[in-house]
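So the sequences go chain by chain: C and H. Going letter by letter, the first sequence gives residues 1 to 107 in the working numbering. Going letter by letter, the second sequence gives residues 1 to 244 in the working numbering.
It is worth saying that the hints were derived from the structure and are not from the lab. Even glycine gets a Cβ: it sits at the ideal position worked out from N, Cα and C. Warning: the hint list may mix true and false statements.
[Said to hold, decoys possible] Derived, one-sided and incomplete: chain H residues facing chain C with beta-carbon distance under 7 Å:
| hint | residue |
| --- | --- |
| 1 | Met71 |
| 2 | Ser73 |
| 3 | Ile82 |
| 4 | Ser97 |
| 5 | Met103 |
| 6 | Ala204 |
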Amino acid sequence: MIHENYLYVILGMGVVTYIPRWLPLVFLSRRRLPDWFEQWLDLIPAAILSALILPILITTGEPRHLDLLRPELIVAVPTLAFAVKTRSLAGTVILGMFLFWLAGKFF
Amino acid sequence: MISMHSEEKTVSWLAIIKDGVVGAWPICLGYLAIGLAFGVIAQKAGFSPMEIGLMSLLVYAGSAQFIGISMLSAGAGIIPIIITTFTINLRHMLMSSSLSTFMRNLGIGRLSLFAYGVTDESFALNTARFRDGNWDWRRALVLNHTSNLAWIISTVAGGFSGRFIPAGALGIDYALIAMFVCLLVFQLRGRLYVIVAIISGILAVALSLLLPGNAYIVAASVIAATLGVFLKKSRRFAGTERTS
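My request is simple: use the sequences and hints to build the entire structure.
This is the structure we're talking about:
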């Protein structure tokens with residue numbers, strides 16, 4: 001049985017999650033964009049992936065603080081080296097998981 | 001673009017579905033770990049598997065769902081929960097903007113169907129595939145919905161039976177981090193990209209210590225990419241992308 005109130009909450013959450021996903025696709029994909037904006041969009045993936053990953057690796061807790069000794073960071077070093085060298089997604093994911101599992105035995 | 005259209009016709013739907021499903025495996029693995037954890041937490045907070053599944057279907061956003069559940073069980077009102085969700089997920093706007101450059105000349109229906117599945121993970125993976133070539137909106141769409149299905153199934157399974165895969169088993173909690181590390185490497189296609197990534201990463205760490213929530217992701221990315229455009233304009237990096 002689902003409460004009516006709960007349904008409204010998740011519907012609302014769904015709508016405000018969907019709109020930011022939808023608007024740029026519909027409004028930008030069919031327009032000719034200025035050069036500088038194309039360049040900007042081209043740099044976004046590198047910027048956003050770095051902004052997603054680095055805080056996960058070197059900060060922790062609530063409120064957040066720096067922690068340079070997290071297994072997440074230590075495992076990321078060989079994982080990154082492997083990714084640069086092999087450029088293999090499958091290999092990198094499997095190696096990262098294995099090393100993290102291994103690290104769990106020591107931390 | 002012209003060659004893509006002729007190729008689309010010769011490749012069967014089955015092959016396209018296979019590419020998309022197989023391509024989604026790192027995300028599915030990662031979602032299994034996070035989805036189970038979410039399901040367990042939601043179930044302990046008193047939510048039924050049905051309610052969990054419906055949330056995963058309607059919202060489909062990991063961190064917002066975790067925070068939504070904790071706000072709901074803390075008795076927060078509907079408006080604060082929706083506003084929080086909106087701010088957490090605003091980062092997808094950047095991702096959809098960037099993806100739009102690969103989704104040219106599609107109808108609103110297809111774009112709408114695709115937009116539903118834009119997450120941090122699908123954005124990262126689809127972007128890398130689009131750049132590689134041999135990828136199109138159909139494969140990207142299949143990848144999105146495969147990931148979505150994995151998320152729904154994992155969260156519901158967590159809600160039903162608890163954590164049948166123990167935390168940390170096989171390093172599964174690291175699948176998405178390793179994937180992001182590798183996909184970041186794929187994005188570093190020249191000196192300018194490396195510099196932008198370094199600036200963005202450092203800014204993100206600094207801002208994450210200063211700002212509440214996850215506003216640091218959007219703030220750091222926007223600032224770093226903007227600096228990147230100016231750097232490129234200054235012509236010192238003119239040779240990084242085009243050989244002119």
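Hints, one by one, checked against the model:
no. : hint   : verdict
1   : Met71  : 9 Å, violated
2   : Ser73  : 11 Å, violated
3   : Ile82  : 4 Å, holds
4   : Ser97  : 4 Å, holds
5   : Met103 : 5 Å, holds
6   : Ala204 : 4 Å, holds
Violation of the numbered hints given earlier is confined to hints 1 and 2; the remaining hints are satisfied by the structure.
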